[in-house]
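Hey, can you work out the whole structure from these sequences and the hints?
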Amino acid sequence: MALNIDLTMIWAVIIAFGVVMYVLLDGFDLGVGILFPFAPSETSRDEMMNSVAPVWDGNETWLVLGGAGLLGAFPLVYTILLPALYIGVFLLLAGLIFRGVAFEFRFKANKSRYLWNWSFAGGSTVAAFAQGAVVGAYIEGFETASKVYIGGPLDWLTPFSVMTGFGLLAGYALLGATWIILKTEGRTQEWAYRLVTPLLAVVLTVFAVIGIWTPYVDPFVYDRWFDNMSTIWLLPTLTLFCAWRLWVSARLRYEGQPFVWTVAVFVFTYLSLLAAKWPYVVPPTYTLWEAASHPGSQLFLLIGVLFVTPIVLAYTTWTYWVFRGKVGADAGYH
Amino acid sequence: MELDPVLLSRMQFAFVVSFHAIFPVFTIGLASYIAVLEGIFYRTANPEWERLSMFWTKVFAVVFGMGVVSGIVMSFQFGTNWSSFSQAAANFMGPVLSYEVITAFFLEAAFLGVLLFGRDKVAPGVHLFAALMVALGTFVSSFWILATNSWMHTPDGVMYFSGMYQVTSWTEAIFNPSFPYRFAHFALASFLTGGFVVAGVSAYYLINNRAVSANKKALSMCMWMLLIATPAQLVIGDMHGLNTLEHQPTKVAAMEGNWERQSGAPLLLFAIPDQANQTNHYELGIPGLASYLLKHDVEGEVPGVSEVPRAEQPPVAIVFWSFRIMVGLGVLMIGFAAAGLLLRLRGTLYSNRYFLHGLRAMAVAPFLAVLAGWITTEVGRAPWLIYGEMTHAEGVTPSLTGGMALFTLIGYILVYAVIFVSGLYYITQIVRAGLEGEVTADVEDDADRPMRPLSAAHTAFDGDGPEVRS
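In the order they appear, the protein sequences are chains A and B.
Counting from 1, one number per residue, gives the positions in the first sequence under the numbering used here.
Counting from 1, one number per residue, gives the positions in the second sequence under the numbering used here.
Misleading hints may appear alongside valid ones.
[To be verified] Just so you have them, the derived chain A footprint on chain B, three or more residues with Cβ under 8 Å: (1) 90–96; (2) 416–422.
[What the hints assert, rightly or not] Derived coverage of chain B by chain A (criterion: at least 3 residues anywhere in the stretch with Cβ under 8 Å from a Cβ of chain A; other residues may be distant): (3) 165–175; (4) 400–412.
[Stated by the list, open to error] Cβ pair distances, simulated, as ranges: (5) 256/A with 163/B: 39 to 45 Å; (6) 411/B with 162/A: 19 to 25 Å; (7) 306/B with 289/A: 44 to 50 Å; (8) 163/B with 209/A: 37 to 43 Å; (9) 284/B with 154/A: 49 to 55 Å; (10) 321/A with 46/B: 48 to 54 Å; (11) 158/A with 406/B: 42 to 48 Å; (12) 118/B with 220/A: 51 to 57 Å; (13) 2/B with 154/A: 17 to 23 Å; (14) 306/B with 310/A: 54 to 60 Å; (15) 146/A with 234/B: 45 to 51 Å; (16) 146/A with 306/B: 35 to 41 Å; (17) 6/A with 46/B: 56 to 62 Å; (18) 152/A with 425/B: 39 to 45 Å.
No wet-lab data here; the hints were simulated from the structure.
Bear in mind that the values here come from a model prediction, so they are computed numbers and not experimental data.
Every residue gets a Cβ at the ideal spot worked out from N, C-alpha and C, and that includes glycine.
Given below as structure tokens:
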């Protein structure tokens with residue numbers, strides 16, 4: 001039994017790490033896509049795409065690993081969330097496919113380039129919105145009976161999840177904008193600087209609404225925040241602090257700091273969310289341990305993951321190192 | 001009309017998995033071919049081998065990229081449409097499918113980039129090693145996928161306990177009874193696919209007098225390989241069939257169109273199976289041959305579909321005809337391989353235009369054969385999802401409605417149509433550009449190092465305008 005608990009905890013950390021890696025890494029890629037139609041010029045668009053081109057597909061693979069890893073370690077999460085989010089998952093995948101194909105073909109296209117621009121922007125926007133709505137649906141919880149989802153096809157689509165959808169759209173756009181600040185110069189960079197304040201305002205508004213709304217619709221979350229765990233308040237406080245640092249560093253025209261602070265905003269928001277739901281992994285009913293697969297299966301998979309993850313991380317770091325520095329409109333990708 | 005979520009989910013899974021499968025079945029064979037080309041180049045230092053390798057690596061990059069994009073969808077299908085099955089089988093299927101993802105991850109992280117972009121950045125031996133590892137990696141990927149699939153046909157090494165299978169022996173579950181045969185059959189199918197595509201494209205270039213010397217080499221080695229691999233596939237396929245007879249007799253009965261258990265069963269060349277009346281119309285067969293093939297005795301007893309209740313019968317017509325399409329194409333492939341030998345002996349392998357045009361057309365044959373083979377084995381398992389244990393109806397997502405399934409089925413068809421048309425169109429552009437563009441001196445700069453498969457190709461997507469800035 002001791003083994004069971006340990007493995008489940010290890011897997012919870014691995015999956016949580018995988019999710020946050022995906023959100024941060026694909027987040028800025030998607031953000032660049034969301035901002036794509038609003039770029040000041042076609043040259044800016046080339047720069048923006050160049051800045052993510054070398055890394056985006058590595059970023060996306062975290063999603064595939066997350067999907068497969070969930071089935072291996074927490075099958076109940078996989079088999080309740082995917083049916084509950086059926087339509088949303090389709091939109092997410094369709095968006096990611098259009099986004100991915102656009103990456104491949106836009107640079108090779110001449111006449112048809114505008115089509116790939118739309119495919120890139122539309123795909124990124126749909127995928128980001130769908131992910132945000134998934135977060136909202138997750139916070140609201142799923143209707144289940146004896147380990148099976150029993151709700152309707154559009155239960156996930158509520159005013160609340162639409163709001164979180166727009167919230168994540170703004171959040172990814174913010175990650176994208178600060179990434180663009182980091183990777184470009186001149187007109188494109190200046191344009192990105194000007195986006196920080198309005199995007200941050202949207203993100204904080206949604207953050208505030210979630211913070212006020214959820215404790216009042218969910219007694220469990222209410223207790224968590226107002227009764228039994230006072231240290232939990234540290235997390236939203238840190239989120240707000242990072243948001244303030246982000247705003248300041250963008251005003252002072254720092255190049256690297258805005259991205260770092262945005263990442264920190266995401267991390268602390270994410271941790272706040274985890275802390276509010278802990279230990280429920282299929283809210284409001286099932287805990288991590290109820291959702292876990294057999295310890296033998298968790299162990300079997302853990303061996304491979306522990307072997308490969310360091311290699312993948314090293315490779316990812318190396319790729320980012322190789323592509324460090326500013327991109328031009330025609331460098332970095334053909 | 002009531003929409004059936006089970007049927008629609010099956011159609012959707014068949015569609016996305018077929019669409020996905022055609023890419024890996026080609027890349028697995030092609031990766032091995034590239035490794036061989038790199039090996040010969042390493043030994044001989046003849047730049048023609050390198051040109052061939054560079055050209056086919058470019059094609060490989062595009063097809064691999066398409067496989068990855070379409071594969072993302074696969075990792076979510078099990079949960080969205082088959083959640084009860086996924087929940088029950090998760091202890092086995094989750095880790096095994098994750099190992100496939102890990103393999104692909106590792107492969108991409110470590111070796112694919114070196115193969116695609118490292119030609120002039122690493123020592124030739126390292127590049128060859130990367131090519132070998134990519135070839136090996138594609139096999140390891142298919143190993144995990146086929147282990148899962150085979151387990152659904154011949155489940156083993158597990159125990160059902162409070163709603164979930166628990167693995168009692170990983171070796172027995174992974175190396176389940178049908179796995180070795182399925183794996184060998186699929187591996188050979190990949191070689192046939194790679195071989196006939198390369199042969200077909202080389203034939204196209206020879207017809208047009210392009211890069212003649214290199215393409216002769218490519219065609220020649222393909223024809224030697226196919227001369228061994230096509231009959232070998234017949235033997236392996238036969239062994240796979242006998243294994244199926246042992247574990248899934250009803251599937252074999254459906255493949256043979258045999259309704260009643262009988263000795264001296266004929267091999268049917270043509271028939272219209274009639275499931276409602278449990279009989280065939282317009283039968284045309286060779287007496288005793290099915291018995292001979294399955295039991296190695298013309299009087300051998302062959303099982304019949306009617307032995308199991310109707311509710312447990314697969315749709316015979318689909319299994320019967322897809323099996324015939326697969327075998328027919330396989331025989332055609334053997335014929336082409338043999339004709340190649342004949343023409344080679346006569347010295348007209350590279351000049352016989354009928355043969356070369358025929359080879360061009362044959363480039364699609366292995367894809368059709370692979371899909372027909374998958375339809376035979378998967379539809380033949382019906383109504384079982386896990387053979388003898390869980391039916392499709394039991395495995396489907398309980399909350400799934402017909403409308404939802406129809407919505408996503410149409411959606412995936414539309415999305416995939418866009419990728420498929422773009423990808424196929426782009427590959428034809430690469431083939432049209434040909435080997436002539438492959439200069440062995442490096443013209444790429446460091447900017448090409450992104451590990452994204454398609455950036456290994458530089459051909460313009462749409463014909464007009466200047467060559468893409470490279």
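- Message: Checking each numbered hint in turn, tell me which of them this model violates, lowest number first.
- Response: 5, 10 and 11
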